[in-house]
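With chain A held as given, fit chain B with the ligand onto it using these hints.
Which chain is which? The protein sequence lines are A and B, in order.
Residue numbers for the first sequence follow numbering that gives the first Met the number 0, so the first one is 0 and each next one is one higher.
Residue numbers for the second sequence follow numbering that gives the first Met the number 0, so the first one is 0 and each next one is one higher.
By construction, these hints were calculated from the structure, which means they are not laboratory data.
Glycine included, every Cβ here is placed at the ideal spot set by N, Cα and C.
One should not assume that every hint holds.
Computed far set for chain A versus chain B, every beta-carbon distance over 12 Å [as the list claims (entries may be wrong)]:
hint	residue
1	Met0
2	Leu2
3	Asp27
4	Ile56
5	Trp60
6	Leu84
7	Thr95
8	Glu101
9	Leu121
10	Asp122
11	Asp126
12	Gly127
13	Glu138
14	His170
15	Thr180
The list that follows gives simulated cross-link-like pairs (lysine to any residue, SDA-like), each with its CA atoms no further than 20 Å apart [unchecked claim]:
hint	chain 1	residue 1	chain 2	residue 2
16	A	Lys83	B	Arg21
17	A	Lys83	B	Trp24
18	A	Lys191	B	Trp24
19	A	Lys191	B	Arg21
20	A	Lys83	A	Val18
21	A	Lys191	B	Arg61
22	A	Lys191	B	Gly23
23	A	Lys83	B	Val242
24	A	Lys191	B	Gly257
25	A	Lys191	B	Gln69
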Amino acid sequence: MVLSRGFRGRSTRPDPGRVPPGQYLTTDFPVLSAGPTPRVDRDQWTFSVRGEVDEPITWTWQQFRDLPSETFTVDIHCVTKWSKLDTTWTGVSLDTLLDEVETAAEYALAFSDGGYTTNLPLDDLLDGQAWLVHEYEHEPLHPEHGGPIRLLVPHLYFWKSAKWVRGIELHANDEPGFWETYGYHNYGDPWKEQRYNGD
Amino acid sequence: MTEPAGAVRPPTSIAAGASRRRLGWQPATVADVRWENPQCKSIFLSVAGWPGHRPGQHLDLRLTAEDGYQAQRSYSIASAPGDELLMITVDCLPDGEVSPYLVDQVRPGDQLELRGPIGGYFVWDESRSDPVTLIAGGSGIAPFRSFLRHHEVVGSTTPIRLLYSTQSSASMIFRDELQAQASRELIDIDITLTREQPADWTGYRRRIDAELLGMIVWPAEEHPVDYVCGPTGFVEKASDILVALGHEPGRVLTERFGGTREG
Ligand SMILES: Cc1cc2nc3c(=O)[nH]c(=O)nc-3n(C[C@H](O)[C@H](O)[C@H](O)COP(=O)(O)OP(=O)(O)OC[C@H]3O[C@@H](n4cnc5c(N)ncnc54)[C@H](O)[C@@H]3O)c2cc1C
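Extracted from the complex, chain A is given alone in its bound form (with noise of 0.2 Å):
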């Protein structure tokens, strides 16, 4: 380790118990995307799971909007070093969602509008630990944030929240998305600091 002679950080630290190491907290809500942000039409939107189901599902906004949503209160912690505490979604869970698929896979990798995916062991998203959110704050999602639709998986780091996701494909295989095939870990564990391949 090197000292970094007379750095001293900022006078107040963030709860270590509360923030994983390496983050700091934030009041922004920062948005780093690779591209530009996709503006979606809600009456063109739908969501799918497929690949590794007996049949694809597909649901159109208003199916999804009648499924029973939920508003819940988690920290969210990126890559890039901020995390931020206490962010109040609204969205179905992925437990109503799977409900109806039977499948074997074991990965799932979720697809956005620009061709953006993320992978992720099916386990994660399952136990209400992942959701489809339509709100932030009690306000519908802006499209910088991912609106209409985000996933939210606040136990990863937030680049397998994929913003603008239109479907999840389950896998037998694990098969890495988007920033995992460009050095990113694939798993992103922000409490062991799991943000580039091998950490």
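Coordinates of chain B with the ligand only, in the frame set by chain A:
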């Protein structure tokens, strides 16, 4: 880097190869520092065994306080792959935790910890001949210095149009270097000063808008690859305009530095 859009391109063999290497922290020695303007400094680093990088990649810096507290931030690599020293260019955000330290405290002989190069997406592939547009807000000019120097060194025949938006002539970064680059045949550089302009200023005098970009960037029919870099609000605006001008979203590559300040 959180959650990108844009067409997924298969990574080149270099990026894929680089991604398999473990990115450990390594010490770097500050060889030199250079003021770019009163709030911005370039730091030249000597790193043993640096594996090389591609124009557009960045690195992570880590600072450690005496009590063990650590802070990490990302910085674009401003030097070209062939340059002897690695260089980053840091804009001081007065209320920031890391950038004031890098700009005000760091001096030659100091050691810093870094890891990289990181990112295989926001990079320029010199083997492609599509015209390139570079749009920089503020310190977003840093990676484009790497692009331009590399372009010159490899003798690329790709034409480049660069638009650099910054607040005033006092906040300009790499002024002389950009002027020298602009004298090269394949390179067009336009600068817009958004807040204050000297009386004899002949460049643009406004924030970016559709009309300005429409005049300066490659038209969509030329199938350019566009790179946009700078504070989030700036990047969001520029990339929205490019898409509205008919540019293919999958060919508009963005690097958002965070914050909302405009260039
Ligand atoms: C891939 C990548 C490459 C980057 N390359 C560069 C680079 O080449 N040069 C450079 O100077 N910075 C670069 N940055 C930004 C850099 O990582 C830091 O965010 C920046 O130096 C501020 O850190 P800080 O600790 O001083 O401020 P913090 O303590 O993190 O933040 C202080 C305040 O400044 C705001 N803020 C943070 N970043 C910015 C910004 N860029 N513009 C305006 N306001 C901001 C925050 O919202 C906060 O309110 C890059 C960021 C990324 C993700």
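Hints and how they fare:
{"no.": "1", "hint": "Met0", "result": "violated, 6 Å"}
{"no.": "2", "hint": "Leu2", "result": "violated, 5 Å"}
{"no.": "3", "hint": "Asp27", "result": "violated, 7 Å"}
{"no.": "4", "hint": "Ile56", "result": "holds, 24 Å"}
{"no.": "5", "hint": "Trp60", "result": "holds, 19 Å"}
{"no.": "6", "hint": "Leu84", "result": "holds, 17 Å"}
{"no.": "7", "hint": "Thr95", "result": "holds, 22 Å"}
{"no.": "8", "hint": "Glu101", "result": "holds, 29 Å"}
{"no.": "9", "hint": "Leu121", "result": "holds, 20 Å"}
{"no.": "10", "hint": "Asp122", "result": "holds, 21 Å"}
{"no.": "11", "hint": "Asp126", "result": "holds, 23 Å"}
{"no.": "12", "hint": "Gly127", "result": "holds, 22 Å"}
{"no.": "13", "hint": "Glu138", "result": "holds, 18 Å"}
{"no.": "14", "hint": "His170", "result": "holds, 16 Å"}
{"no.": "15", "hint": "Thr180", "result": "violated, 5 Å"}
{"no.": "16", "hint": "Lys83(A) - Arg21(B)", "result": "violated, 28 Å"}
{"no.": "17", "hint": "Lys83(A) - Trp24(B)", "result": "violated, 26 Å"}
{"no.": "18", "hint": "Lys191(A) - Trp24(B)", "result": "holds, 15 Å"}
{"no.": "19", "hint": "Lys191(A) - Arg21(B)", "result": "holds, 15 Å"}
{"no.": "20", "hint": "Lys83(A) - Val18(A)", "result": "holds, 9 Å"}
{"no.": "21", "hint": "Lys191(A) - Arg61(B)", "result": "holds, 16 Å"}
{"no.": "22", "hint": "Lys191(A) - Gly23(B)", "result": "holds, 15 Å"}
{"no.": "23", "hint": "Lys83(A) - Val242(B)", "result": "violated, 30 Å"}
{"no.": "24", "hint": "Lys191(A) - Gly257(B)", "result": "violated, 23 Å"}
{"no.": "25", "hint": "Lys191(A) - Gln69(B)", "result": "holds, 15 Å"}
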